[in-house]
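With the hints as extra help, turn the sequences into a complete structure.
Residue numbering for the sequence shown follows the working numbering, starting at 26 and increasing by one per position.
These aren't lab readings, by the way, just hints derived from the structure by calculation. Honestly, I wouldn't trust all of these hints.
Computed list of lysine to any residue pairs in SDA-like fashion (alpha-carbon distance at most 20 Å, straight line) [unchecked claim]:
#, residue 1, residue 2
1, 258, 238
2, 174, 152
3, 174, 101
4, 259, 245
5, 174, 96
6, 216, 57
7, 259, 249
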Amino acid sequence: MRARPWLFEEYPELEGRIPWTSLGEFPTPVHRLEGLCRSEGLCEVWIKRDDRSSSHYGGNKVRKLEFTLADAKRRGNRYVLTFGGLGSNHCLATTIHSRRLGLRSILVLHPQPITPHVRRNLLLDVKFGAEVHLARNPMERALIVAWIKLTRRGVYTLPLGGSSPLGALGFVDAGLELARQVESGELPEPKEIYLALGTGGTLAGLLVGLRLAGLNSRLIGVRVPPERVGNAKKVEDLAN
26 MRARPWLFEE YPELEGRIPW TSLGEFPTPV HRLEGLCRSE GLCEVWIKRD
76 DRSSSHYGGN KVRKLEFTLA DAKRRGNRYV LTFGGLGSNH CLATTIHSRR
126 LGLRSILVLH PQPITPHVRR NLLLDVKFGA EVHLARNPME RALIVAWIKL
176 TRRGVYTLPL GGSSPLGALG FVDAGLELAR QVESGELPEP KEIYLALGTG
226 GTLAGLLVGL RLAGLNSRLI GVRVPPERVG NAKKVEDLAN
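The following block contains the structure:
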């Protein structure tokens, strides 16, 4: 398990200047999908297991939160305000990992169909101490946010999906991590990397990290939300 980000190994002058705290268990493993290769006639399909990024609560958000929650602590904040759907994995990850650092999360959530997954995540938000608000439309969301900021001190705001230039550094680091795994022979250099495109932070950070590491893999984002939320312009803005 790494003691500090690969980003700081490659660029030691950044350590201390960029906030960071250890929340995850990295590097995450890479596996060849043997069954898929046999059944579909594909010979080289690999997966990077970021679902194993933390024994507390894994997934891709942990890498971003190592930087953004460290920034919240450094600034002396007490609360972390963020946004998502009722069953948002980002919101649950923020809630669980904020609590580990002594921060309380405030969630402003928009409606979505109540599936078993959504119900489970919402119940876990409450179990781990989140303050939850439902915003049915953009105006209601703006009023709730204004009220929160008027009545609380020390509120740190994370954007939808945790996608910010600081959060994207988590996936700059992931690109450097993947390059080390290629170098050590754990997997061949990927020709193409497919990943979900939500709010763009994961794709933007990985794009920068791979280029810094000298890998030529082509990144392909598979958009999940509407185009107004996840699009090439947002990825470009975050990457730059």
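Run through the hints listed earlier and report the numbers of any the structure violates, in increasing order. 1 and 2
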